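The opening residue of the sequence shown carries number 66 in the numbering used here; numbering runs sequentially from there.
It is possible that some hints are incorrect.
Stated by the list, open to error - With a cut-off of at most 25 Å between alpha-carbon atoms, the simulated BS3-like pairs for lysine-lysine come out as follows: (1) LYS196 with LYS76; (2) LYS147 with LYS168; (3) LYS214 with LYS76; (4) LYS179 with LYS196; (5) LYS78 with LYS254; (6) LYS76 with LYS179; (7) LYS88 with LYS74; (8) LYS88 with LYS147.
By construction, these hints were calculated from the structure, which means they are not laboratory data.
These numbers come from a predicted model, not from an experiment.
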Amino acid sequence: MEKIIVATKNKGKAEEFKAFFSKYDIETISLLDLPDDIPDVVETGMTFQENAILKAETMANYLGQTVLADDSGLVIDALGGKPGVYSARYAGEPTNDKKNIAKVLQELAFVPDKQRTARFVCVLAVATPGKETVTRTGYCNGVISEEMKGSNGFGYDPIFIPENKNITMAQLSSEEKNEISHRRQAIIKLEDWLKNNL
66 MEKIIVATKN KGKAEEFKAF FSKYDIETIS LLDLPDDIPD VVETGMTFQE
116 NAILKAETMA NYLGQTVLAD DSGLVIDALG GKPGVYSARY AGEPTNDKKN
166 IAKVLQELAF VPDKQRTARF VCVLAVATPG KETVTRTGYC NGVISEEMKG
216 SNGFGYDPIF IPENKNITMA QLSSEEKNEI SHRRQAIIKL EDWLKNNL
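Put together the whole structure using the sequences plus the hints.
In C-alpha coordinates, the structure reads:
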(Lines of atoms letter the chains of each structure in order from A and count residues from 1; the text may use other names and numbers.)
(Lines give C-alpha, C1' and ligand atoms only; values in the text may rest on other atoms or scores of the structure.)
Protein backbone atom coordinates (compact mmCIF):
# COMPACT_ATOMS: atom_id res chain seq x y z
CA MET A 1 0.00 0.00 0.00
CA GLU A 2 1.30 3.44 -0.95
CA LYS A 3 1.68 6.06 1.76
CA ILE A 4 1.38 9.84 1.82
CA ILE A 5 1.96 12.31 4.63
CA VAL A 6 -0.93 14.70 5.28
CA ALA A 7 0.18 17.91 6.97
CA THR A 8 -2.57 18.26 9.57
CA LYS A 9 -2.85 18.03 13.35
CA ASN A 10 -6.65 18.28 13.13
CA LYS A 11 -8.04 14.89 14.18
CA GLY A 12 -11.29 15.37 12.22
CA LYS A 13 -9.45 16.20 8.99
CA ALA A 14 -7.01 13.33 9.53
CA GLU A 15 -9.93 10.87 9.79
CA GLU A 16 -11.57 12.27 6.64
CA PHE A 17 -8.36 12.01 4.61
CA LYS A 18 -7.83 8.46 5.87
CA ALA A 19 -11.32 7.48 4.62
CA PHE A 20 -10.89 9.28 1.27
CA PHE A 21 -7.51 7.81 0.40
CA SER A 22 -8.33 4.25 1.49
CA LYS A 23 -10.45 4.10 -1.71
CA TYR A 24 -7.24 4.57 -3.70
CA ASP A 25 -5.36 2.01 -1.57
CA ILE A 26 -3.23 4.81 -0.14
CA GLU A 27 -2.41 5.00 3.57
CA THR A 28 -2.32 8.50 5.03
CA ILE A 29 0.02 9.45 7.83
CA SER A 30 -0.94 12.67 9.59
CA LEU A 31 1.39 14.83 11.68
CA LEU A 32 -0.41 13.34 14.70
CA ASP A 33 1.05 9.94 13.75
CA LEU A 34 4.66 11.13 13.58
CA PRO A 35 6.85 10.81 16.68
CA ASP A 36 8.66 14.12 16.36
CA ASP A 37 7.17 17.28 17.82
CA ILE A 38 6.79 18.93 14.44
CA PRO A 39 6.51 22.72 14.54
CA ASP A 40 3.32 24.40 13.32
CA VAL A 41 3.47 26.30 10.05
CA VAL A 42 2.37 29.90 10.50
CA GLU A 43 -0.37 30.56 7.94
CA THR A 44 0.56 33.95 6.54
CA GLY A 45 -1.19 33.53 3.16
CA MET A 46 -4.11 35.72 2.11
CA THR A 47 -5.84 32.91 0.22
CA PHE A 48 -6.59 29.22 0.79
CA GLN A 49 -4.20 28.38 -2.06
CA GLU A 50 -1.32 30.38 -0.60
CA ASN A 51 -1.74 28.74 2.81
CA ALA A 52 -2.05 25.21 1.39
CA ILE A 53 1.12 25.64 -0.67
CA LEU A 54 2.95 27.19 2.28
CA LYS A 55 2.07 24.26 4.56
CA ALA A 56 2.83 21.57 1.97
CA GLU A 57 6.17 23.02 0.86
CA THR A 58 7.37 23.82 4.38
CA MET A 59 6.58 20.30 5.60
CA ALA A 60 7.95 18.60 2.46
CA ASN A 61 11.27 20.39 2.93
CA TYR A 62 11.27 19.72 6.69
CA LEU A 63 10.54 15.98 6.27
CA GLY A 64 12.36 15.50 2.96
CA GLN A 65 9.44 13.74 1.26
CA THR A 66 6.11 14.26 -0.50
CA VAL A 67 3.50 15.98 1.67
CA LEU A 68 -0.15 16.81 1.03
CA ALA A 69 -1.62 19.81 2.83
CA ASP A 70 -4.99 21.44 2.69
CA ASP A 71 -6.32 24.82 3.57
CA SER A 72 -10.04 25.06 3.84
CA GLY A 73 -12.77 27.15 5.30
CA LEU A 74 -16.19 28.66 5.03
CA VAL A 75 -17.03 31.54 2.69
CA ILE A 76 -20.31 33.38 3.44
CA ASP A 77 -21.62 35.76 0.78
CA ALA A 78 -23.54 38.05 3.15
CA LEU A 79 -20.35 38.55 5.18
CA GLY A 80 -18.27 39.52 2.16
CA GLY A 81 -16.50 36.16 2.05
CA LYS A 82 -15.79 35.88 5.76
CA PRO A 83 -14.68 33.95 7.74
CA GLY A 84 -12.59 32.72 4.78
CA VAL A 85 -8.94 31.96 5.57
CA TYR A 86 -9.64 32.90 9.18
CA SER A 87 -12.34 30.21 9.56
CA ALA A 88 -10.53 28.21 12.27
CA ARG A 89 -9.75 31.26 14.39
CA TYR A 90 -12.68 33.54 13.51
CA ALA A 91 -13.59 34.16 17.15
CA GLY A 92 -9.92 34.48 18.15
CA GLU A 93 -7.26 32.26 19.68
CA PRO A 94 -7.27 29.57 20.97
CA THR A 95 -9.44 28.14 18.20
CA ASN A 96 -12.92 27.12 19.32
CA ASP A 97 -15.60 25.74 16.98
CA LYS A 98 -18.56 26.76 19.15
CA LYS A 99 -17.32 30.33 19.56
CA ASN A 100 -16.71 30.59 15.81
CA ILE A 101 -20.24 29.35 15.09
CA ALA A 102 -21.75 31.72 17.65
CA LYS A 103 -19.97 34.67 16.01
CA VAL A 104 -21.23 33.71 12.53
CA LEU A 105 -24.82 33.25 13.72
CA GLN A 106 -24.71 36.59 15.52
CA GLU A 107 -23.44 38.37 12.41
CA LEU A 108 -26.17 36.72 10.29
CA ALA A 109 -28.95 37.30 12.86
CA PHE A 110 -30.98 39.65 10.63
CA VAL A 111 -30.02 38.18 7.26
CA PRO A 112 -32.98 36.49 5.48
CA ASP A 113 -32.74 32.83 4.46
CA LYS A 114 -32.31 33.54 0.74
CA GLN A 115 -29.23 35.67 1.44
CA ARG A 116 -27.49 33.14 3.69
CA THR A 117 -25.67 31.44 0.80
CA ALA A 118 -22.22 30.03 1.53
CA ARG A 119 -19.70 27.45 0.46
CA PHE A 120 -16.98 25.35 1.98
CA VAL A 121 -13.73 25.67 0.02
CA CYS A 122 -10.78 23.26 0.12
CA VAL A 123 -7.45 23.72 -1.65
CA LEU A 124 -5.16 20.70 -1.66
CA ALA A 125 -1.46 21.17 -2.30
CA VAL A 126 1.01 18.34 -2.91
CA ALA A 127 4.66 19.27 -2.52
CA THR A 128 7.74 17.16 -3.23
CA PRO A 129 11.24 18.57 -2.63
CA GLY A 130 12.70 19.68 -5.96
CA LYS A 131 9.42 19.39 -7.89
CA GLU A 132 6.64 21.80 -8.80
CA THR A 133 3.80 21.90 -6.27
CA VAL A 134 0.40 20.64 -7.48
CA THR A 135 -2.88 22.20 -6.31
CA ARG A 136 -6.56 21.31 -6.71
CA THR A 137 -9.67 23.10 -5.39
CA GLY A 138 -13.01 21.66 -4.29
CA TYR A 139 -16.27 23.33 -3.26
CA CYS A 140 -19.43 22.40 -1.39
CA ASN A 141 -22.25 24.93 -1.81
CA GLY A 142 -25.06 25.50 0.64
CA VAL A 143 -26.67 27.91 3.09
CA ILE A 144 -26.16 28.81 6.74
CA SER A 145 -28.90 27.61 9.10
CA GLU A 146 -30.31 29.78 11.89
CA GLU A 147 -29.23 27.39 14.65
CA MET A 148 -26.84 24.54 15.34
CA LYS A 149 -28.06 21.04 14.54
CA GLY A 150 -26.27 17.69 14.58
CA SER A 151 -23.21 16.33 16.34
CA ASN A 152 -21.28 14.62 13.55
CA GLY A 153 -18.36 16.38 11.87
CA PHE A 154 -16.46 19.40 13.14
CA GLY A 155 -15.93 23.11 12.48
CA TYR A 156 -18.97 24.80 10.96
CA ASP A 157 -20.73 21.55 10.01
CA PRO A 158 -23.61 22.07 12.53
CA ILE A 159 -24.76 25.29 10.77
CA PHE A 160 -24.05 24.42 7.12
CA ILE A 161 -26.91 22.97 5.05
CA PRO A 162 -25.47 21.55 1.80
CA GLU A 163 -27.15 22.17 -1.55
CA ASN A 164 -30.09 19.79 -2.22
CA LYS A 165 -30.24 18.77 1.46
CA ASN A 166 -32.56 19.90 4.23
CA ILE A 167 -30.31 18.97 7.15
CA THR A 168 -26.91 20.26 8.25
CA MET A 169 -23.57 18.68 7.41
CA ALA A 170 -23.36 17.59 11.08
CA GLN A 171 -26.63 15.64 10.72
CA LEU A 172 -25.29 13.59 7.82
CA SER A 173 -23.45 10.33 8.40
CA SER A 174 -19.68 10.41 7.85
CA GLU A 175 -20.20 8.44 4.62
CA GLU A 176 -22.82 10.90 3.33
CA LYS A 177 -20.66 13.88 4.21
CA ASN A 178 -17.60 12.35 2.58
CA GLU A 179 -19.48 11.95 -0.71
CA ILE A 180 -20.27 15.67 -1.07
CA SER A 181 -17.65 17.51 0.97
CA HIS A 182 -15.28 20.14 -0.42
CA ARG A 183 -12.33 17.92 0.51
CA ARG A 184 -13.84 15.04 -1.46
CA GLN A 185 -14.35 17.28 -4.51
CA ALA A 186 -10.72 18.42 -4.34
CA ILE A 187 -9.47 14.83 -4.03
CA ILE A 188 -11.51 13.78 -7.09
CA LYS A 189 -9.68 16.50 -9.04
CA LEU A 190 -6.39 15.16 -7.68
CA GLU A 191 -7.03 11.64 -9.00
CA ASP A 192 -4.96 12.17 -12.16
CA TRP A 193 -1.92 13.14 -10.06
CA LEU A 194 -2.43 10.20 -7.68
CA LYS A 195 -2.56 7.68 -10.53
CA ASN A 196 0.60 9.03 -12.17
CA ASN A 197 2.72 9.80 -9.12
CA LEU A 198 1.93 7.30 -6.34
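Outcome of the hint check:
no.	hint	in the structure
1	LYS196 with LYS76	28 Å, violated
2	LYS147 with LYS168	11 Å, holds
3	LYS214 with LYS76	21 Å, holds
4	LYS179 with LYS196	45 Å, violated
5	LYS78 with LYS254	18 Å, holds
6	LYS76 with LYS179	33 Å, violated
7	LYS88 with LYS74	22 Å, holds
8	LYS88 with LYS147	33 Å, violated
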